[in-house]
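In UniProt numbering, the protein residues as written are 1 to 401.
These are calculated hints, taken from the structure and not from any lab test. Here the structure is a predicted model, which is why all the values come from computation and not from measurement. Do not take every clue at face value.
[To be verified] Below, a list of computed lysine to aspartate or glutamate pairs in the DMTMM-like style, where the Cα atoms sit at most 20 Å apart: (1) K231 / D123; (2) K225 / D79; (3) K215 / E109; (4) K248 / E209; (5) K225 / D123; (6) K225 / E115; (7) K248 / D201; (8) K225 / E73; (9) K248 / E109; (10) K225 / E133; (11) K215 / D103; (12) K17 / E5; (13) K225 / D111; (14) K17 / E7; (15) K231 / E133; (16) K225 / E209.
[Said to hold, decoys possible] Each pair of labels, with its calculated beta carbon distance range: (17) E10 / A280: 52 to 60 Å; (18) Y36 / D103: 46 to 54 Å; (19) L247 / G216: 16 to 24 Å; (20) S43 / E5: 51 to 59 Å.
Yeah, the Cβ is synthetic: ideal placement off N, Cα and C, and Gly gets one too.
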Amino acid sequence: MHESEEEAQESLHVEIKNFALQPVYIALSKPARRAYLTTFLLSFASVALFVAAVISYVLFYTSFVPRIGFSREVYLQFDHVYIPSDDKYAGPHPYGIASLRPDIVGVQEYDVSVELVLPRTCDNINAGNFMLELSMYAPAGSKPARNNAIHREMLSDALQPEALVVSRRPAILPFRSRLVDLAYRITGLQWYLLNWRQETDHLAINMFERLEFPKGWRNVPAALKLEVQSKPRLQIYSARVIFRARLKGLRWFMYNHRVMSALVFVGAFWATELVFASAAWALFHRAPAMTPGKRIKSESPAAKIKTELMDEPQLSDTERTFPTTSAQMPLRYTAASPVIKREDDDFQSEVALPLLDADDEDDYDELGKDSGLGTSMDSGYPSRKESVRKRKGRRGALERG
Numbered sequence: 001m002h003e004s005e006e007e008a009q010e011s012l013h014v015e016i017k018n019f020a021l022q023p024v025y026i027a028l029s030k031p032a033r034r035a036y037l038t039t040f041l042l043s044f045a046s047v048a049l050f051v052a053a054v055i056s057y058v059l060f061y062t063s064f065v066p067r068i069g070f071s072r073e074v075y076l077q078f079d080h081v082y083i084p085s086d087d088k089y090a091g092p093h094p095y096g097i098a099s100l101r102p103d104i105v106g107v108q109e110y111d112v113s114v115e116l117v118l119p120r121t122c123d124n125i126n127a128g129n130f131m132l133e134l135s136m137y138a139p140a141g142s143k144p145a146r147n148n149a150i151h152r153e154m155l156s157d158a159l160q161p162e163a164l165v166v167s168r169r170p171a172i173l174p175f176r177s178r179l180v181d182l183a184y185r186i187t188g189l190q191w192y193l194l195n196w197r198q199e200t201d202h203l204a205i206n207m208f209e210r211l212e213f214p215k216g217w218r219n220v221p222a223a224l225k226l227e228v229q230s231k232p233r234l235q236i237y238s239a240r241v242i243f244r245a246r247l248k249g250l251r252w253f254m255y256n257h258r259v260m261s262a263l264v265f266v267g268a269f270w271a272t273e274l275v276f277a278s279a280a281w282a283l284f285h286r287a288p289a290m291t292p293g294k295r296i297k298s299e300s301p302a303a304k305i306k307t308e309l310m311d312e313p314q315l316s317d318t319e320r321t322f323p324t325t326s327a328q329m330p331l332r333y334t335a336a337s338p339v340i341k342r343e344d345d346d347f348q349s350e351v352a353l354p355l356l357d358a359d360d361e362d363d364y365d366e367l368g369k370d371s372g373l374g375t376s377m378d379s380g381y382p383s384r385k386e387s388v389r390k391r392k393g394r395r396g397a398l399e400r401g
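All chains should be built: construct the whole structure from the sequences, respecting the hints.
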């Protein structure tokens with residue numbers, strides 16, 4: 001009774017232990033470990049593909065959406081200005097050249113303006129109207145110019161003879177009467193004394209509206225030339241050409257709705273990458289998973305073992321005696337001797353063949369019946385003993401001869 005109770009308690013403890021550890025066994029089983037590894041690989045691949053999608057969108061945004069606005073500082077050249085000169089590159093008016101690469105792109109509309117900073121001197125005020133000429137030139141040769149500033153003596157190498165676009169616009173300093181100008185200076189006198197304000201005017205002149213160039217780097221200008229044309233001498237602090245892009249279509253959407261466009265394009269890139277990654281994963285699992293070291297060579301079904309012409313059946317070489325009729329000699333099997341080349345004068349091999357034929361004739365039964373192995377028929381056929389004796393005597397005579 002005590003042993004049975006102890007066995008029952010022990011079995012109960014084992015069942016409780018198995019029940020308590022069953023979740024652990026399931027969590028550490030081979031299918032569970034395989035699921036953990038697969039989940040980790042899929043999660044890592046998803047995160048890596050998401051990062052790749054973000055990087056792809058950033059590269060696509062920077063290459064597709066141009067700079068919404070950029071400017072080029074033009075340094076005007078005053079050499080030989082307003083005086084005759086033998087220099088064929090020197091002009092009668094101040095000019096400056098600047099490079100446009102790589103900010104300007106094709107198939108994009110631009111508004112172009114020129115900003116001048118001039119002091120309010122008597123010469124500038126009395127100059128009245130003057131003209132601004134802005135020209136844009138295509139790159140010369142196979143490689144566009146990349147210099148930020150190009151001097152006049154480099155003009156023939158950097159620019160083609162013909163310009164892509166040319167625009168001339170008028171400009172003038174804003175007028176102020178003497179009384180207004182005096183009141184303006186008196187009210188702002190403290191700012192002038194503190195050097196927080198200067199007696200300058202900023203002129204902004206629109207040169208192009210909705211300017212667009214065809215696709216292709218040869219059709220996009222590589223440099224610009226700004227020339228200030230006026231008969232009186234002008235004093236100019238600085239000159240700058242400002243480009244403002246007019247976005248439309250997909251570029252407008254990507255620039256004005258950056259968060260939404262980022263979500264849409266990153267999601268599209270990520271989904272595409274996941275689809276192709278899933279297809280690659282499926283193909284990888286369907287492929288035969290055989291390592292090069294454990295590959296088994298498969299033979300064709302029709303393959304046969306090569307046999308030699310002189311092969312003999314693998315039989316036992318044990319000597320045996322087979323039962324025969326009482327009228328025949330005992331049939332014995334001896335071990336096969338090595339094959340010996342037969343010579344032409346081998347007499348015994350020639351006379352042994354007729355004796356075998358005679359033995360076959362004696363097997364014939366006159367009644368057409370088999371006498372049976374192991375039965376005695378000597379009394380019914382006395383002539384057979386005589387024939388056997390005759391054969392033995394004939395064989396002995398042949399051997400003696």
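Open item on the list: Need the status of pair K225, D123: alpha-carbon distance at most 20 Å?
Closed with: violated, 25 Å
Task: Range agreement (Cβ of A280 with Cβ of E10, hint 52 to 60 Å) - done: holds, 54 Å
Task: K225 paired with D111 [C-alpha distance capped at 20 Å] - done: holds, 17 Å
Task: Agreement of K231 and D123 with the hint, judged by alpha carbon distance not exceeding 20 Å - done: The given pair, whose Cα atoms are some 11 Å apart, holds under the 20 Å limit.
Task: Pairwise hint evaluation, E109 against K248, where the allowed Cα distance is 20 Å at most - done: holds, 9 Å
Task: K17 paired with E7 [C-alpha distance capped at 20 Å] - done: Holds. K17 to E7 sits at ~15 Å (cutoff 20 Å).
Open item on the list: Check whether the Cα positions of K225 and E209 lie no farther apart than 20 Å.
Closed with: Between K225 and E209 the Cα gap is close to 18 Å, so the pair holds against 20 Å.
Task: Restraint status (C-alpha distance of K225 to E73 at most 20 Å) - done: holds, 11 Å
Task: Hint consistency between K248 and E209 [alpha-carbon to alpha-carbon, up to 20 Å] - done: The given pair, whose Cα atoms are some 15 Å apart, holds under the 20 Å limit.
Task: Range hint compliance [Cβ, L247 to G216, 16 to 24 Å] - done: 20 Å Cβ-Cβ, so the 16 to 24 Å window holds.
Task: Given hint E133 paired with K225 - CA-CA distance at most 20 Å - done: holds, 8 Å
Open item on the list: Range first: 46 to 54 Å. Now tell me if the beta carbons of Y36 and D103 are that far apart.
Closed with: holds, 52 Å
Violated hints for the displayed structure, listed by number in ascending order: 5 and 7.
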